[in-house]
Structures are given as structure tokens and as C-alpha cells.
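Take the sequences, apply the hints, and build the full model.
Order-wise, the sequence lines are chains A and B.
Heads up: the first sequence at position 700 corresponds to 700 in our numbering, and the numbers run straight through without jumps.
Heads up: the second sequence at position 102 corresponds to 102 in our numbering, and the numbers run straight through without jumps.
FYI, nobody ran anything at the bench for these hints, they're computed from the structure.
Wrong hints could be hidden among the right ones.
Which chain B residues face chain A? A few, computed with CB under 8 Å, are given here [unchecked claim]:
id	residue
1	26
2	27
3	41
4	42
5	46
6	47
7	48
8	51
9	56
10	57
11	66
12	101
FRET-style restraints, in silico, Cβ to Cβ [unchecked claim]:
id	chain 1	residue 1	chain 2	residue 2	range
13	A	25	B	46	30 to 40 Å
14	A	145	B	29	23 to 33 Å
15	A	35	B	29	32 to 42 Å
16	A	236	B	23	28 to 38 Å
Remember, predicted model here, so these are calculated numbers, not experimental data.
Just so you know, even glycine gets a beta-carbon here, dropped at the ideal spot from N, CA and C.
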Amino acid sequence: MASRPNKPRPIRRPVISKEGGEFEPCWDILRGAMIDIHNKNASELSFENLYRASYKITLRKKGHLLYEKVKAFEEAWFQNNVLPSIHELISSSLTSIAMLSMPALSLHERREMGEKFLRAIRSRWEDHNTSMNMIADILMYLERSHTTETKQPSIYATTIGLFRDHILKYGLATGAEDMDGHLIVFDIINAVVLDLINMERDGDIVNRNLLRKVTSMLEELYETDEEHENQKLYLTVFEPRFLEASRLFYRAQCEKLLRESDAGAWLRHTQRRLREEQERCQTSLSILTVDNITKVVEEEMISAKLDEFLAMEGSGIRAMIDNDRIEDLSILYQLISRVDKSKSVLKTALQTRVMELGLEIEETLKNTDFSNPAAAAGAAGAGADADADETAEAAGDKAKSQPLSGPAQQTAAAIKWVDDVLQLKAKFDNLLTTCFDGDLVIESWITKSFRDFVNMFPRNAEYASLFIDDCLKRGLKGKSDEDVEVVLQKVIVLLRYLSDRDLFERYYQKHLAKRLLRSGSELHIEKELVRRMKIEMGNHFTTKFEGMFKDMELSKDLSTNYRDHIRNLGDVDTKTTDLNIQVLTTNSWPPEIMGRSALQDGSARAEVIFPPAIKRLQDSFYEFYLQDRRNRKLTWAASTGSADIKCFFPKISGKDTGPLSKDRRYELNVSTYGMVVLLLFNDLADNESMTFEEIQAKTNIPAGDLSKTLASLSLVPKCRVLAKEPATKTVKSTDRFSFNTQFVSKTIKIKAPVSNSSSKVERDDERKETERKNDQTRAHVVDAAIVRVMKQRKELSHTDLTTQVISQLAARFKPEISLIKRRIEDLLAREYLERIEGDLAAYRYLA
Amino acid sequence: MAFNGNSGNGAPSEYITLISSDDFEFTVLREAALISKTISRTLSNPMMEARTGVCHFPEIRGVVLEKVVEYFHYWYKHRDQLDVPDMPIPVELCLELLMAADYLGMDSKPASRDAF
Numbered sequence: 001m002a003s004r005p006n007k008p009r010p011i012r013r014p015v016i017s018k019e020g021g022e023f024e025p026c027w028d029i030l031r032g033a034m035i036d037i038h039n040k041n042a043s044e045l046s047f048e049n050l051y052r053a054s055y056k057i058t059l060r061k062k063g064h065l066l067y068e069k070v071k072a073f074e075e076a077w078f079q080n081n082v083l084p085s086i087h088e089l090i091s092s093s094l095t096s097i098a099m100l101s102m103p104a105l106s107l108h109e110r111r112e113m114g115e116k117f118l119r120a121i122r123s124r125w126e127d128h129n130t131s132m133n134m135i136a137d138i139l140m141y142l143e144r145s146h147t148t149e150t151k152q153p154s155i156y157a158t159t160i161g162l163f164r165d166h167i168l169k170y171g172l173a174t175g176a177e178d179m180d181g182h183l184i185v186f187d188i189i190n191a192v193v194l195d196l197i198n199m200e201r202d203g204d205i206v207n208r209n210l211l212r213k214v215t216s217m218l219e220e221l222y223e224t225d226e227e228h229e230n231q232k233l234y235l236t237v238f239e240p241r242f243l244e245a246s247r248l249f250y251r252a253q254c255e256k257l258l259r260e261s262d263a264g265a266w267l268r269h270t271q272r273r274l275r276e277e278q279e280r281c282q283t284s285l286s287i288l289t290v291d292n293i294t295k296v297v298e299e300e301m302i303s304a305k306l307d308e309f310l311a312m313e314g315s316g317i318r319a320m321i322d323n324d325r326i327e328d329l330s331i332l333y334q335l336i337s338r339v340d341k342s343k344s345v346l347k348t349a350l351q352t353r354v355m356e357l358g359l360e361i362e363e364t365l366k367n368t369d370f371s372n373p374a375a376a377a378g379a380a381g382a383g384a385d386a387d388a389d390e391t392a393e394a395a396g397d398k399a400k401s402q403p404l405s406g407p408a409q410q411t412a413a414a415i416k417w418v419d420d421v422l423q424l425k426a427k428f429d430n431l432l433t434t435c436f437d438g439d440l441v442i443e444s445w446i447t448k449s450f451r452d453f454v455n456m457f458p459r460n461a462e463y464a465s466l467f468i469d470d471c472l473k474r475g476l477k478g479k480s481d482e483d484v485e486v487v488l489q490k491v492i493v494l495l496r497y498l499s500d501r502d503l504f505e506r507y508y509q510k511h512l513a514k515r516l517l518r519s520g521s522e523l524h525i526e527k528e529l530v531r532r533m534k535i536e537m538g539n540h541f542t543t544k545f546e547g548m549f550k551d552m553e554l555s556k557d558l559s560t561n562y563r564d565h566i567r568n569l570g571d572v573d574t575k576t577t578d579l580n581i582q583v584l585t586t587n588s589w590p591p592e593i594m595g596r597s598a599l600q601d602g603s604a605r606a607e608v609i610f611p612p613a614i615k616r617l618q619d620s621f622y623e624f625y626l627q628d629r630r631n632r633k634l635t636w637a638a639s640t641g642s643a644d645i646k647c648f649f650p651k652i653s654g655k656d657t658g659p660l661s662k663d664r665r666y667e668l669n670v671s672t673y674g675m676v677v678l679l680l681f682n683d684l685a686d687n688e689s690m691t692f693e694e695i696q697a698k699t700n701i702p703a704g705d706l707s708k709t710l711a712s713l714s715l716v717p718k719c720r721v722l723a724k725e726p727a728t729k730t731v732k733s734t735d736r737f738s739f740n741t742q743f744v745s746k747t748i749k750i751k752a753p754v755s756n757s758s759s760k761v762e763r764d765d766e767r768k769e770t771e772r773k774n775d776q777t778r779a780h781v782v783d784a785a786i787v788r789v790m791k792q793r794k795e796l797s798h799t800d801l802t803t804q805v806i807s808q809l810a811a812r813f814k815p816e817i818s819l820i821k822r823r824i825e826d827l828l829a830r831e832y833l834e835r836i837e838g839d840l841a842a843y844r845y846l847a
Numbered sequence: 001m002a003f004n005g006n007s008g009n010g011a012p013s014e015y016i017t018l019i020s021s022d023d024f025e026f027t028v029l030r031e032a033a034l035i036s037k038t039i040s041r042t043l044s045n046p047m048m049e050a051r052t053g054v055c056h057f058p059e060i061r062g063v064v065l066e067k068v069v070e071y072f073h074y075w076y077k078h079r080d081q082l083d084v085p086d087m088p089i090p091v092e093l094c095l096e097l098l099m100a101a102d103y104l105g106m107d108s109k110p111a112s113r114d115a116f
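What follows is the structure, encoded as C-alpha cells:
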């Protein structure tokens, strides 16, 4: 270093020392240094010295000269020192790789050669890059002032670009820089890289680090020295070729899979490939490519043959759904979500499958023979998962009993149907949460399909209600709150699917009435269920049910009050009958229960003749009832009540041992009719008997009910308190009945079977009746809807009116167009509406 | 040279030495000195300075370099702060300081080295 004399000066002039300030000496220093740098011999150079040289040249406005000189130097260096060695590398076999004709080399050799070539290119690149960095640093001052002013590309960009121009674009065939029609080094690099990538895709292990180095080289080089961000060689040249090669590769893969494999393998393969390609972008290529390559794989592996794979027998989407191939479906969902946001393929497949399975349930139901209790129970048991124990128990019970009676078979069928539907629903719910990510859109498709097939089944409303009836009477006793919750949720799910809600309401009302009157279920669960129905379907749907609950509560108070009232009267008589009364509001309860069905047939209501003791009780209660209320009428519905009777069987003389030798007392629980009949025998002397007709005349009980009552009292062994003559298995109107003095029972309390206690599927004629009634009601409801709409709109076209009415009624049922039309005509005839003149398809409301 | 930029085990020392035209030596915190782009590049290239940790500046007088070093530390001390006190600059050194700043590439905030 030249050390300077340290003499004080007032102010120093600009610091350009005379010596070394000329261009040539400075350039000589720099040129020497550049050679050293290229030869990796820079460690003895002084950076400051070189920097100062370029600093001086630049200060003397010779920057452009320096710039050109450096450029020329580097070009010359390339020609003389780098290219020859590169040329040596390029063997003929590499050329053939570039030609994409398979060389007669083994895979291993090809890989070795390719990697060797890439390594050579990489090391040339690294050398060049390092040198250029150092040179650019030395020339930092030039770059800061000169190139910024002149807008020339930076010295680094220029010199690094030499690599592109002189090596990558170096023509092979001629050795000249003739770009057209000749292979250039860059082509070979691309071909080798792609070849290596394909090897890796086929399972070979290749040098990822090397690939990454080469691609990052391409990322650092630009088409021009201006270095536009989107003009990286990687993006302009390599990536399109890579994507094209990948497309071909995956197209072939996909076709091979389609030929040789199944959908499950295809799913896994595709998923793996997607992951691999992303990984490859990170380890071997550039993350810039992730999206593009993903798209290629998606297009070729998923979109291209999606339908073919899904249709595959035994492994397609049908088999996946049927066999709960959770993993397959999850992958499928993910893959389809990638390529199609609307997932319409999945939609079609799912909906079709739900419909098919739904119709299958119906088909199975038709083909199952429910007369064989074991089969029926087995079938039901197979469906019930939560109620497995319960069903098994029931199956045990049924197995002991004789083949099921007709209605019971039907009931079993109903329960099986609902069970199957719910099970199917559970299956798809499971798929939805585990495979489809709880996708709301998919959920709505599934719901729609369920609704469709459930509503294609004509007895859906009745079966649903029967299922609930069965659950509440049998299934839920003594179960924990959680179990109850599960059942309630299932029930609500099912109801959601029903479109004929008015029909369901009718059945449910009937079944609920029976449950309430016979205390067959737990009230708080009933209430909870109705509360949920209210949330689900609105107020009007549950008003009747709530009315029923209210009646039950009021009746309970009423009974207590009446009992207190009697006690307060003072005439406490042990012989008085304890009355537990249920006062039912006519509108809330089903007509069958209220004994009104007979009325509708037009025949006079049969008033049951109650025994005097009971009659007194009734009168006394009525009197009490009217104390607080005016103008109420009570009708005694004997068909639904029950009674506890204390019976006394005197000991039979002549018997010294056994139960018959003692007096026997039993408490018998019978229907109200049974009580009326039994009390008749109180007045009868021993050994006397009554015919069926006599009994009917004395009680006025309808023949059908009487027959059932007598059957339960004279045929069922455990409560045969009446002896029948002749002792056949059926009750005929000519039979004679007498008091069975020899009756013995092991238990004190006996419950006589009540024949109509369990709710059954209706017989076809009953069903027709129900539908007829329902249609009547519907007619009124439609009338009301039409009038409501017309009152508001005054004038409306036929189509608009129909649409409005349908939307108004959607919550209750789906009216048929023909029904609406009929009702409109009816209203026209009754002059609620008139046609607008000249326009046949429009109506006006007449106030 | 008494002071060696590299400590024994090869890790670069925390300090570097700057030498002025009149042979004044300044020992500076390496990190502080790196705000000069020139010094930063000097030290990052595998040349003599990087090896020894010593930079000669034959164009800069000791009294100027002293002020530069003072600025390095001044900047380093306040690098993350707002409302820093001004650093006193003697008027007579202004021109030389400006030229030194230009030479040392301190015309802008030190950016991370360009992504070469």
C-alpha cells in the first residue's frame, strides 16, 4: 500500500491521487485479478485495491469503456477456456436422449451419464456464477454510478448472460451459434432432466440435489439481460417442456391403470402421484411449478378417466359406497374436489346409489316373509344397531310365541322398513362426516335423495308413526337419557323426509292417543318428541298433540279433586269405585278414540249400558264436573278405558288340597267393556250362564268389541275367569258364558290382554278409509289456502295461484295439481271465485 | 500484523481492523462496519481482507476514518431506535466525509446483499 505523507492541509481536494489514476494501469490490475478469479486464485488479492481501481476508472468517466472491456474479456474467456471442456462432455448418446429415442443403453448407464453431464454443467455454472459475483462486487462502484445512469443491464446480468448465450445456446451439430434446427446444449439439459425425473417416477433413485441445482441455475438465468421476472429460462423453456412430458407420462399411466387395475388402486396411485409431484417441485425443481404440475396431474389422472373409473365393476363408486370403503371415498372426495368444485359426478353417483338402496329396502320388505318370527326378528335385528339387545329380547319372545298374526307381521315390516331407512341414513351420515368432510352441499343432495325415495313409498307416514310407537312403548323403557336422545334424533330425521305430513299427523295422533290413555309410554319423552316436532314442522302441526297432553294433565287434577270431593262428602264407602277419569277435548283426539267413527258411518252411536254402580259414579262425577263448568257435555268413551276389579272366588267344596281348597282373591285389570261384562255375572247365580246375544243386549257393546272382550276373558288361559260353552278357540254369537269358579292364578294381579292395545299397520280397507278421510281434510285445507291467496291478490292467473297454494302447503303436504284444480272448480261453482272474462286461465276473488 | 481477523478455529472474529492512509488502525465491531456496502462486499469475497480481517483505505485520512468509525458505532447503537440524537460533524471534514461515504457505499440504508 502506498502510504501517504501526513501533512496538514486546510481542505483536501478530491481524493484522486495522481498515480494510478489513468485507465490502462487500472484496467491491467483488474484484468489480472479477473484471470486470478477465474482460476480460483483470488485469495491473495486485495479487494480494496481492485475496488479502488474500478472506482477511479468510473470517476474519470471511463465507465463505459470498462464495461465493454469486461464484457469482451468474459466472452473471450468463455470461448477459450470453458466451451472446449463442455464440448467434450457431450457424447453422442446424450444427443440421442435429447432426440427422445431410447438409446441402447441400460437404465443405469443412462442415469450415470445423464448425471455426469448435469454435474459438469452445474460445476461450470457454479464456477462462472462465483466468478461473476466476485467481479460484479469488484465493479460495484461502476455498477452503482455508471450502469444506473446509462440504463444498461448490470455488469452481473451481462456477464451471467454470457453463460446462457455461449453455453446453453451452444449449437451441437455445427459448433456454431446457429439456433435454428439444431440441437443446443440447453435441449440436452432439458432432456436429461426430464429423463431423470421419469426414472424417479418409475421408482429409481436419482440425485435430487443435482436436479435442484440445475433447475435453480435455469431460474437464475433470464431470456434477456433485462432480467424480467417472468422471463426466467426456467419458466420460458424448461417448465413447458416439463409439463408436456409429465402430461404424456400421466396419460399413459392413467390408461394403464384403467386397463390393468381397479378404482381403489387408481385413487391411491393418483393421490400418491400428486404428493410426489409436489415434493418433487420442492426437492428437485422449483416451487413455482407446484400449481402447474398439480393441474397436469389432475387433468390427466383425475378428470380424463373419472367416469370410467367410477363405473368400474366391483371397485367403482358403487362398490365403495356399498362396502363402506371409507378411505377410498375420502380420497375420491379430495380428488374430485380438486378438479370440479361442483362435484357433479359425485352428486349423481351418490344420489343414484341412495335411490337404489332406498328402493331396495322396499323390495326386501316385499320379499321378506314376516310370518316366520325368527326371520322377521332377525331381519329387524340386523337393522337395529342401537336397539340390538332389545330386538334380541323381542326375538326371543316372539320365538316362543306362535307365528305372528297378520297385523303383527305388518307391524314388524313397518319397523323393519324404518330401521332400514335409518340405518341407510346412518351409513350415509357416516360417509358424509368421515369421507366428505361434512360437505354441506353433499349433505343436501343426500337429504334430497332420501326424501325422494321415502316419499315414493306409499305407507311412509304410517310406518314412521308405528316405528315411533314401537320405540316409545317398548324401546325406551328404562333407557338412559343418551339412548333416548339417539332415538329422538332418528325419529326427527325421518320426519324431515316425509312430505305427506298431514297423513303422518293423523297416524301419530291415533297412536299417541292410545299410548297416552294406556300409559304405555313415558310422558316426558312424549313431550320432548312433540316439542321437537314443533321446532321442525311448526306450531300448527303439534297443536292437537299438545291439546292431548293438556287434557291428560287436567284430567289428572280432575281425578284428584273429585276424589277429595267425594271424601269431603263424608259418605266414605269402601265399596265405592275409585274413578280415574280422562276428559278429552273432542278436537284434539282422533275420532276412533272418541267413538265418533261410528257417527261418520251414519249409524246411531251405540250407547253402552253401564251397570248401576258405575252409572251412579258417572252421574256423581258429571255433577262435580259441572260445578266449575257450564254447558259441557261428557260422553263416556267406554272403548278406551280400563278397570281394576277385585274378584272373589269362593273355595270349592269337596276340594281339600290345592289352590281350589281356599278362597281366592285376585285383582283383575280389564278393559271397560270387560268390566261391564264381568259385573253382569255378579247378578248371576252359580251355574247360570248367558249367551253372547244376551250379554250384548244387556250391555249394548258393539258386537266386534264384545267378541274381543269375551275372547280375552274366556280364551286366554291366564285370565280365564269366564267359562265358555262350547270350549272352542273362537267366540261365536251362539256361545254361552258362565262364571269360572275353578279359576286359579299364581299372581294376585292379573292383566287381561287388551286386544287393540298395540298399534298395528292398517288393513287395506282401513288404510283406504284413512286416506279417504285425509283427502277430505286436504280438500278443506286446499280450499282455505286458495281463498287466502285470492283474498289477498284479488285476481290471479291459474298457474300463479297453483304455485302459491303449493308453496303455502309445502310444510304440510304436497298437493296434487289435479286436487287443486278440482278445488278451484268447486270454489267457482260455489261462487267464491269467478273466471275473468276473455281469460280462461285467470280468476277473480268474489268477496 | 498483531491483530488477526480470524480467531484460531476459523470462525470470523467479531471485530475487524480498518487502517487509514496515515496508518491509524481502528478496531470496529464487524456487524457495525457492515453498513458500508463496500466493506460488506470486501469481507464477503474470498480475498485477502476476508482472510485477515484487515482493510486498508489508502484514500482516507485517519481523522476522517475516525469519524466514519464513530458513525458505524453511532448507527449500530441506535439501529433500532427512533428519535436518536444527532451526531456532531465538524464542518471542515464535511467534504472528505462525503467522499468517504460515497467510496464506502453508505449512500443508502444497508440492504441485504442482492440475491446473486
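Of all the hints numbered above, which does this structure not satisfy? Sort the numbers upward. 1, 2, 11, 12, 13, 16
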